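Engineer: So you can see what is in the structure, the chains are spelled out below.
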Amino acid sequence: MPETQVEFENVSRHFGDFVAVDNIDFAIDRGEFIALMGPSGCGKTTTLRMLAGLDKPTSGIIRLSGTVMNDLGPQQRDTPMVWQSLALFPFLDVLGNVEFGLKMRGVAADERKKRALEWIERLGLGEFVKRQVTQLSGGQRQRVALARALVTEPEILLLDEPLSALDAHLVVRMQGELKRLQAELGITFFYVTHSQSEAFAMADRVIIMNEGRIAQIGAPREIYRTPANRFIAQFVGRNNIINGTVSSIAGNMATFTTPIGNFEAACPSVQPAERSEASFVVSGDLMKISKMRPDTKNQVECTLISEEFVGSFVTLFLESADATEFKVEVQQRELEQLELTPGGTFWLSWESGHAYVLPENA
Amino acid sequence: MLWRAPLLIWQILFFVVPLFFLVYLSFWVVKNYRMTPALDPVNWIKMLSRDYFWSAYGLTLTMATVAALLVSLLAFPAAYTLAFKVSARVRQLAVFVLIIPFFTSYLVRIYAWQTLLAENGVINAFFSLLNLGPFTMLNTPIGTMVGYIALTLPLVVILQTISLANIDRSLVEAAHNLGCGKLRTILTVIIPLAKNGIIIGMVFCFILSFGDFVSPYYLGGSKPPTLSILIIDTTKAGQQWPKAAVVAITMIVTLFIVAIAAVAAAYKRPGTR
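Heads up: the protein sequence lines correspond to chains A and B, in order.
Quick note: the first sequence uses our numbering, first residue 181, plus one each step.
Quick note: the second sequence uses our numbering, first residue 764, plus one each step.
Dumping the calculated EDC-like pairs for lysine to aspartate or glutamate here, alpha-carbon to alpha-carbon at most 20 Å:
id	chain 1	residue 1	chain 2	residue 2
1	B	Lys-945	A	Asp-258
2	B	Lys-945	A	Asp-235
3	A	Lys-468	A	Glu-516
4	A	Lys-310	A	Glu-291
5	A	Lys-507	A	Glu-487
6	A	Lys-477	A	Glu-531
7	A	Lys-236	A	Asp-202
8	B	Lys-958	A	Asp-273
9	A	Lys-468	A	Glu-481
10	B	Lys-848	A	Asp-235
11	B	Lys-958	B	Glu-936
12	A	Lys-471	A	Glu-531
13	B	Lys-794	B	Asp-996
14	B	Lys-945	A	Asp-251
15	A	Lys-471	A	Glu-509
16	A	Lys-236	B	Glu-936
17	A	Lys-283	B	Glu-936
18	A	Lys-293	A	Asp-273
19	B	Lys-1031	A	Asp-273
Derived from the structure by calculation, the hints contain no laboratory data.
The model shown is predicted, which means the values in this text are computed figures rather than measured ones.
Using the sequences and the hints, build the whole thing.
Structural biologist: Put into structure tokens, the structure is as follows:
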């Protein structure tokens, strides 16, 4: 039975009239890798700062290992953080930065040097011990920040968009290292990011926030395939959202009537009422595109608007007769048979089981 | 390149040339109260062998050093408050208010201090209410020091405030996050980060105090004399301009050394210990 480590109970944070965090409620188990994700201004950083004691909640209770933390200053918590700016002390060398936390805890000089050197070594910074942090590369500085936070052997590590300043290739490498480090240490990582790829690549569970509230909590795959609401469906992945009226329900399958045709969509969790307005989503990577009209149920004719290349993937943007926008992800090599021409018409189709009714409208 | 010429010409005409002339003047001789151009080291030998010169030098150096340390200490709590505890608007307003003293003549402000510091002045009137005093402050080194502080405190507060306000807040938070108490953060993180501003403030205070003659003259009563008072006395005493030039040059050299040492200390790259 996993043990609960962090609890937010109806926590809000107001800045004057602005509500940065609005009554959020969640719990994290010991040893989880949690990513807190959302667009800028969604309250994710404020949530992290409240856990570190750098911000005080306006209302609600924050518990760490069962203890109420609300009135404890940042110094009284064992919640080291890795800053977006890294916040390394420029007037100290690598060793000075790493042993800072131990020094503040009154660890004797010999002991703290030994422990700091162990972490410096562990993160592959052995040759830079006496180097000034201003003379290090981005990736090296990143490691110094990690070593500085981990040297006190905390039970939770807070990370505030730590990879956002790195080059793309370094980001992927650091993701792997962070994930490995977290697995080795077995401690909780609470990772704030606006990047979906970072969150989904590393986290066991993702918390998505929007306008100060939690929009969904779940494993990356769960959020990706079964978005809880329209916001998540738009924020995560390349989802197509189709609005219509529920004409009938049979088992876990709802039939929709829309201006562009009749479609089927799965509703495994919550069933919408018949005759109600509802929406369903189909992920862009589960849509098929063809020149010829396919011989399947869910299909719609669209005009190609534009395309976007990212590596071997291409995202096609299409529009149906009623101007509903569709996004389709295809492999580069599949495209070659399609003879794409802007303004050309194509057929989109998908399996009923790949369409998912958004529970919020149900 | 041409647009730089006016400044260069100005500097050469009104700084470099007079400076060379000052050096030349220090080798002239005075005979029968008349200055004659010469290349005689007699003024240097006489001046630098006099005890009263060295005691004035020691006093001026001490007073300016004490002023630099005292003013920096007095300024820090105010600058810290303005940089960290108030909004940017209040900070801007405060910096403007700190400039206001410079609108009025320094001399006028010093006269005002005379009425405050005098034996029967405002401060002693307050002490007499407590059955204390009167304390002699005017025409003592205390008076001089009060003048130095009045002259330089607003400037040092401004310089410290600017350098403290520029500190990246996440560094302060990082210190707290790593278990560093509030007071300890000031000593181990904030002061090292504001080092340049603090040192530049000290240097300004030192330079302004070292060369000032108004405070030692009107508040310190010229006794014991600082180097600036020595210059006044020397020029008054029988056309001894060459000897005054010797004092002036030693002052310039001293300030030059202090300024270079301080800037080197301020901008020393960390790690090159």
